[in-house]
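Enquirer: Start from chain E and add chain U according to the hints.
The residues making up each chain are set out below.
There are 2 protein chains.
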Amino acid sequence: MSEILSFIESNKDRYESELKEFLRIPSISTSPEHNGETRRCAEWVADELKRIGLNNVQIMETAGHPVVYGERLDGGKDAATVLFYGHYDVQPVDPLNLWTNPPFEPTIIGDNIYARGSVDDKGQVLMQLKAIEAHLRVSGAMPVNVKVIIEGEEEIGSPNLDKFLSDNKALLKCDTVLVSDTPMFGYDQPSLCYGLRGLCYMQVEVTGPNRDLHSGFFGGAVENPINALAVMISKLKDENGLILIDGFYDNVTPLSEIERKEFARLPFDQKAFINDLETDASPGEEGYTELERMWARPTLDCNGIWGGFTGEGAKTVLPSKAYAKISMRLVPNQTPDEIAKKFEAYFNKIKPAGITLKIIDLHGGMPAATPIDSDGMNAARKALKQVFGKEPFLTREGGSIPIVNSFTTILGAPTVLMGFGLPDQNAHSPNEKMNLNNFHRGVKCGALFYENLKK
Amino acid sequence: MSEILSFIESNKDRYESELKEFLRIPSISTSPEHNGETRRCAEWVADELKRIGLNNVQIMETAGHPVVYGERLDGGKDAATVLFYGHYDVQPVDPLNLWTNPPFEPTIIGDNIYARGSVDDKGQVLMQLKAIEAHLRVSGAMPVNVKVIIEGEEEIGSPNLDKFLSDNKALLKCDTVLVSDTPMFGYDQPSLCYGLRGLCYMQVEVTGPNRDLHSGFFGGAVENPINALAVMISKLKDENGLILIDGFYDNVTPLSEIERKEFARLPFDQKAFINDLETDASPGEEGYTELERMWARPTLDCNGIWGGFTGEGAKTVLPSKAYAKISMRLVPNQTPDEIAKKFEAYFNKIKPAGITLKIIDLHGGMPAATPIDSDGMNAARKALKQVFGKEPFLTREGGSIPIVNSFTTILGAPTVLMGFGLPDQNAHSPNEKMNLNNFHRGVKCGALFYENLKK
Chain E
116 MSEILSFIES
126 NKDRYESELK
136 EFLRIPSIST
146 SPEHNGETRR
156 CAEWVADELK
166 RIGLNNVQIM
176 ETAGHPVVYG
186 ERLDGGKDAA
196 TVLFYGHYDV
206 QPVDPLNLWT
216 NPPFEPTIIG
226 DNIYARGSVD
236 DKGQVLMQLK
246 AIEAHLRVSG
256 AMPVNVKVII
266 EGEEEIGSPN
276 LDKFLSDNKA
286 LLKCDTVLVS
296 DTPMFGYDQP
306 SLCYGLRGLC
316 YMQVEVTGPN
326 RDLHSGFFGG
336 AVENPINALA
346 VMISKLKDEN
356 GLILIDGFYD
366 NVTPLSEIER
376 KEFARLPFDQ
386 KAFINDLETD
396 ASPGEEGYTE
406 LERMWARPTL
416 DCNGIWGGFT
426 GEGAKTVLPS
436 KAYAKISMRL
446 VPNQTPDEIA
456 KKFEAYFNKI
466 KPAGITLKII
476 DLHGGMPAAT
486 PIDSDGMNAA
496 RKALKQVFGK
506 EPFLTREGGS
516 IPIVNSFTTI
526 LGAPTVLMGF
536 GLPDQNAHSP
546 NEKMNLNNFH
556 RGVKCGALFY
566 ENLKK
Chain U
116 MSEILSFIES
126 NKDRYESELK
136 EFLRIPSIST
146 SPEHNGETRR
156 CAEWVADELK
166 RIGLNNVQIM
176 ETAGHPVVYG
186 ERLDGGKDAA
196 TVLFYGHYDV
206 QPVDPLNLWT
216 NPPFEPTIIG
226 DNIYARGSVD
236 DKGQVLMQLK
246 AIEAHLRVSG
256 AMPVNVKVII
266 EGEEEIGSPN
276 LDKFLSDNKA
286 LLKCDTVLVS
296 DTPMFGYDQP
306 SLCYGLRGLC
316 YMQVEVTGPN
326 RDLHSGFFGG
336 AVENPINALA
346 VMISKLKDEN
356 GLILIDGFYD
366 NVTPLSEIER
376 KEFARLPFDQ
386 KAFINDLETD
396 ASPGEEGYTE
406 LERMWARPTL
416 DCNGIWGGFT
426 GEGAKTVLPS
436 KAYAKISMRL
446 VPNQTPDEIA
456 KKFEAYFNKI
466 KPAGITLKII
476 DLHGGMPAAT
486 PIDSDGMNAA
496 RKALKQVFGK
506 EPFLTREGGS
516 IPIVNSFTTI
526 LGAPTVLMGF
536 GLPDQNAHSP
546 NEKMNLNNFH
556 RGVKCGALFY
566 ENLKK
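Those protein sequences? They're chains E and U, same order as listed. With our numbering, letter number 305 in the first sequence gets 420, and the count goes up by one each step, no holes. With our numbering, letter number 227 in the second sequence gets 342, and the count goes up by one each step, no holes.
Do not take every clue at face value.
Because identical chains share one entry, a pair is satisfied inside a single copy or across any pair of copies.
Taking lysine-lysine pairs in the BS3-like style, the calculated list, with each CA pair at most 30 Å apart, reads [what the hints assert, rightly or not]: (1) Lys-350 - Lys-430; (2) Lys-457 - Lys-386; (3) Lys-135 - Lys-464; (4) Lys-127 - Lys-288; (5) Lys-135 - Lys-430.
Calculated directly from the structure, the hints in this document are not laboratory data. Keep in mind that this is a model prediction, so the values were computed, not measured.
Just chain E, with the same shape it has in the complex (with noise of 0.2 Å):
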């Protein structure tokens, strides 16, 4: 493994202008004038599959961008199968003018390579890339059987990537998935994260008389739909931050101890996070951290709301409608369906007189959570530690991530997430960054994460 490690140390400057080849390709795969340049962009991963010594390397057709795949099954029937996945498309880049240097030519200052891509998740791509080619120049095998999919439609909530997993399920048959398109919780504060939050996400319409009225004339014998909305959304939550519908806690999996003491040993300064929003708290469910209310514990926010007279100036209107986006965020083992279900039934319950309501469920999607002790994460947490010299915090993340789920679900899975990005990376901003000494620490881990998985 020494050599395998030095032959990474002594490649440097090689992924760097390999990686600067990659991020000049303006793979925007939301732009259909930038199909040419997806496609191409697919293209040249294909080659760089086959460069590494991958088999059975495809551009796999979708309805959309292709799916790039290769593999190497080299551990034979006995050793784990690891599937790598990472995404070739980038995102958007205006506001171009907010960019110091040209978004696809990528520049290197200090520490840092800027470039779109750089960080999400081209320049994560590459290094998972180079781990794999390192073992195959060094030892001319790998120590585990390896299949990688590069999709090229993350960036527009991968519409095609169920459809592909279900279809090609005994192609892509794996121990374990590995993704490395997440950041770390800070520099040199190597992090896995491990668990995903899901989503519910509801729409409201509510109607109180059948037209507008005046506020004056009406005011004081009609239930306006406002006032209703705001009492109904106050009954959500408790005071507490407890949330108030019937059964919403049912199913929710508790923090353990292990956890709670994990996302403890956390450098989360409250003080900071409070100071860069602007604000003087940081209130939530009582009886939980920040950490732990952001990562591992369902929440309900308002997106939206609206109603009524929004313009300049005094109109006394008694309004026929309000409207709101309610969302809430799930954990293990609550799903998006139950939720809706449970959310639909607690608003008419506390629906008052006089009003009628609409419910829309926009969009749901599944928690996902990774067992802190497979194989996987056991590789993964032993990897970390070599490369930074420290163990890895066990971190969740308060947001989704869709396609863990369907890793769960289709090819039945868990996902291990190894990231190597930063908090102010920019992903999806001007002036995008990966720093380099994480990238090269990345392309070490992931070598190791493969050995460590020998058995």
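Expert: Leaving out everything else, chain U in the frame of chain E:
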């Protein structure tokens, strides 16, 4: 007098075509883009005052839209002097898509004319001008002295009228003010309004974090300004409709037993009321009837609310800001300034941690009441009985006509509110309409009012 009434009867078609001309001018006083049209409307009114035979007609400038003045002092020193007040400006028209016919293309369907301003207040202004015209055309003189002011800022709270009244106290000296800007209790139910509610109209801006956040990453440790605003709104009233602002009821003049008996005599049909609004209840402050609540008790209504994502679909934003327009209807002896201060103090008191508040006092109007045995009231009661063939009801009204209070305090004259609108007239809403039978009866009542005032 019978000749005058015949003249009115035979000029209906002309009145309607003149009304259409008046209604075609989009004199939306709150909209700077309509300043040209609002000015054109003032000029139209001045021309009309000359056409009907008034003297000393002037477009009198203010800091905002002008007041149009005219007079006819035929009655001499010993006769009563009536000041007729109306307004030529109208409310905005949004939501435009709910109008069946364009708001400034007056359309007669059945007995109604549909247009913005048809009943509030252009239709009622024109009927009073036609009443004066009938006297002058038939007998060449008015039975009493008449002064007319038609202003252009009623729908934005008449910000310059008090100064105008003060600056022109001598010119406007009068015994009685006549206003036609209120609805009748119902069709064929003539009524005279002796009390109006005041208004205190506030806007609140609630700020949580300094920028829009991802609701997945941050949900659980940041105060959401929409949720916070909803909770604060829910704390403005209790479950029995009582307003919870500290000291809110301190100065409220209670309803007398006589008033409650008068109101109880009125044929208010609760079932028809809620059926018309297509709702199932007419909730409000416990212990009071609908009419008492709408006319003589203070109320609180949200007039508008907005914040976060209000477009199509599901955007998972935890917004930085949320806003609401919240107004309170006041009764004698409350004042807008007093209530604005109490609202602000209370809202700050119930503000949760993690948000900042900005509260703006957008607009205020004093409540008002007129003695029911004044000369003007007696002349109006008689006129209504003569035209409708029945004794009018004595009512109050839930809306505000802040200028009524100005007439009392600045000119020292009581105001007679002889209105000819109807409860379903859609003032301030799409498809505003005026019943044309009421329009023509209004012309006759106006003519008789002056006659009845003659000593």
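Enquirer: All hints are to be evaluated individually against the structure, with a verdict given for each.
Expert: Checked hints:
no.	hint	result
1	Lys-350 - Lys-430	both (28 Å within a copy, 23 Å between copies)
2	Lys-457 - Lys-386	neither (36 Å within a copy, 34 Å between copies)
3	Lys-135 - Lys-464	neither (51 Å within a copy, 49 Å between copies)
4	Lys-127 - Lys-288	neither (33 Å within a copy, 86 Å between copies)
5	Lys-135 - Lys-430	between (46 Å within a copy, 25 Å between copies)
Comparing the model with each earlier hint shows violations of hints 2, 3 and 4; every other hint is respected.
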